[in-house]
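**Q** Now for the letters of each chain:
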Amino acid sequence: MADTTTNTALSGPRGPKPRKRLSRGNIILYSTLFVVCVYYILPLWVMVMTSLKGMPEIRMGNIFAPPVDIEFQPWVKAWAEACTGLNCDGLSRGFGNSVRILIPSVILSIAVASVNGYALINWRFKGSDVFFTILIFGSFIPYQVMLYPIVILLREAGIYGTLWGLVLVHTVFGMPILTLLFRNYFSSIPEELFKAARVDGAGFWGIYFRIMLPMSLPIFVVAIILQVTGIWNDFLFGVVFTKPDLYPMTVQLNNIVNSVQGVKEYNVNMAATLLTGLVPLIVYFVSGKLFVRGIAAGAVKG
Amino acid sequence: MTTASKRPWLLRNINAKIAAMPMIFTTLVVFVGGTAWTVIYSFTNSKLLPRWQFVGLDQYERLWSNNRWLTSVENLALFGVFSLVLTITLGFLLAVLMDQKIRFEDTFRTIMLYPFALSFIVTGLVWQWILNPQFGIQHIVRSLGWETFTFDPLYNPDIVMFGLLIAGLWQGTGFVMCIMLAGLRGIDEDIWKASRVDGIPRWKTYLFVVIPMMRPVFITVLVITTSGIIKLYDLVIAQTSGGPGTASQVPAMYVYDYMFTAQNLGQGLAASTMMLLSVLIVLIPWAYLEFGGRRNG
Numbered sequence: 001m002a003d004t005t006t007n008t009a010l011s012g013p014r015g016p017k018p019r020k021r022l023s024r025g026n027i028i029l030y031s032t033l034f035v036v037c038v039y040y041i042l043p044l045w046v047m048v049m050t051s052l053k054g055m056p057e058i059r060m061g062n063i064f065a066p067p068v069d070i071e072f073q074p075w076v077k078a079w080a081e082a083c084t085g086l087n088c089d090g091l092s093r094g095f096g097n098s099v100r101i102l103i104p105s106v107i108l109s110i111a112v113a114s115v116n117g118y119a120l121i122n123w124r125f126k127g128s129d130v131f132f133t134i135l136i137f138g139s140f141i142p143y144q145v146m147l148y149p150i151v152i153l154l155r156e157a158g159i160y161g162t163l164w165g166l167v168l169v170h171t172v173f174g175m176p177i178l179t180l181l182f183r184n185y186f187s188s189i190p191e192e193l194f195k196a197a198r199v200d201g202a203g204f205w206g207i208y209f210r211i212m213l214p215m216s217l218p219i220f221v222v223a224i225i226l227q228v229t230g231i232w233n234d235f236l237f238g239v240v241f242t243k244p245d246l247y248p249m250t251v252q253l254n255n256i257v258n259s260v261q262g263v264k265e266y267n268v269n270m271a272a273t274l275l276t277g278l279v280p281l282i283v284y285f286v287s288g289k290l291f292v293r294g295i296a297a298g299a300v301k302g
Numbered sequence: 001m002t003t004a005s006k007r008p009w010l011l012r013n014i015n016a017k018i019a020a021m022p023m024i025f026t027t028l029v030v031f032v033g034g035t036a037w038t039v040i041y042s043f044t045n046s047k048l049l050p051r052w053q054f055v056g057l058d059q060y061e062r063l064w065s066n067n068r069w070l071t072s073v074e075n076l077a078l079f080g081v082f083s084l085v086l087t088i089t090l091g092f093l094l095a096v097l098m099d100q101k102i103r104f105e106d107t108f109r110t111i112m113l114y115p116f117a118l119s120f121i122v123t124g125l126v127w128q129w130i131l132n133p134q135f136g137i138q139h140i141v142r143s144l145g146w147e148t149f150t151f152d153p154l155y156n157p158d159i160v161m162f163g164l165l166i167a168g169l170w171q172g173t174g175f176v177m178c179i180m181l182a183g184l185r186g187i188d189e190d191i192w193k194a195s196r197v198d199g200i201p202r203w204k205t206y207l208f209v210v211i212p213m214m215r216p217v218f219i220t221v222l223v224i225t226t227s228g229i230i231k232l233y234d235l236v237i238a239q240t241s242g243g244p245g246t247a248s249q250v251p252a253m254y255v256y257d258y259m260f261t262a263q264n265l266g267q268g269l270a271a272s273t274m275m276l277l278s279v280l281i282v283l284i285p286w287a288y289l290e291f292g293g294r295r296n297g
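Chains as they are written, first to last, in this note's numbering: chain A, 1 to 302; chain B, 1 to 297.
Just so you know, these hints were derived from the structure itself, not from any lab.
Where a beta carbon is used, it is the ideal one built from N, C-alpha and C, also for glycine.
Take the hints with a grain of salt, since some may be wrong.
[Stated by the list, open to error] Calculated lysine-lysine pairs in the DSS-like style (CA-CA distance at most 30 Å, straight line):
1. A/K243 with B/K193
2. B/K101 with B/K204
3. A/K77 with A/K126
4. A/K289 with B/K101
5. A/K264 with A/K243
6. B/K231 with A/K289
7. B/K231 with A/K243
8. A/K289 with B/K47
[As the list claims (entries may be wrong)] Some but not every residue of chain A turned toward chain B, in silico, with C-beta under 10 Å:
9. P56
10. F72
11. Q73
12. W75
13. C88
14. S92
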């Protein structure tokens, strides 16, 4: 079920091209889609336009109008000067933190989950399917239920509030969806290959590194896309499991924009918001259909 | 298996078991153990730190007589019902539009799905700005000449949840559309041929043939959306911070505040157990439907 729906979703419409281009139905169809797209694009448009205006122009004008005088100062300020609490070094700090959190989290979570998927398909052991079922059902448990026990575990391990604590949390909560992704993919690799390697004397890790890994590069890319956007966008774990000097970009952004002190600088706020959204947006627009494939795999979990 | 079966069962397939240690730890210690810990300690009067002093259902009685909690639950129910009905209806309708063999399908999909790549924080902040009464939509409509036009959901306690809803729909409908579209593409082309031969109008085919056939897709979307709605947190933090007053509080905020800032752990745990319960109410019937019927799926 999982594979057929994903694949057909990606293959595009089937059948011959429509004949008449300007029938009444088509006009209604395309204009509806056009209106919908305007609704979707509008916030991005407003963000970009606001971030390029000066404050006087914002106070006088219309948020949808393009700027009369283009200003890049808000971007500079958002990146390098905006204040959170006592620190006035802008979002660059949050960006750095997010990158430092992102890289080990993506690598570790994907490494663990791909090995899980491999073990679940090719090296089943007693109870392995039970663990997988718990894993999938666990992904529906609200994070709030597990927050405090994890705080205790991390505190006992001495890594509460550190980078590695957060990396482990991302690895744990990324595991259900990624394991499912890899398990489904590995199950489509012919078993004969695995058996032949076994006959040739390859062991657990040998087969993983020499056969499974090289054959599954596309699914690794999908997993990377999924994790990069997911971890970059995380807010809750960042707040709970790190200290202020290690807050990821989303947390810092929220602190900058929703701070109660000082004059509100909407242009700086929007520039900061765009900066934070830029990484997942770039990943999204570059990856195209692979992103769809990732979320479709997530949707048919269970 | 044949050669290995001479070894004791624990050592059989030992590499796979070692490799699966992180998974075993995650499932048993974090998911099962953590959940059990939370449920058990919700029956204690833990304050700043967990304390093993059993007080029965006290925390739950206090919870359900706390106005802030009641507001949170009401808000979430309101947001949840509207957001479920609207994301599923709109998601399906958009998917149907996209399924009419249109041109530029990829472009349309790219545009409708990009908000899903953005975080709730970004979503919340953008819509906070657009709905700002002084500069946003209200200001623009007024400057067009309609002086009394009022649309300030984020400052009006009665409709603040709808302000959040607009942002939530913007973020999530594209995703539901994609899943629904995948479901529609999974419908056999012969169904369409058959209904055309019988002269059944397209809308009737969708309503009476396609939708019933897509039941599993609808149920999946329902479960995913519901479990997402119950977790609703970041969006509210960014867009309204729970305000004005306590008008847009949600359960996840209540949990966080009592656990980490109000130093009333027992309350936080009881509230999070209620969140768990609400997920189970959706999850168990679904699991029963999905796995109960076909054992060897």
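**Q** Report the numbers of all earlier hints that the structure fails to satisfy, in ascending order.
**A** Numbers 1, 3, 8, 9, 10, 11, 12, 13 and 14, in rising order.
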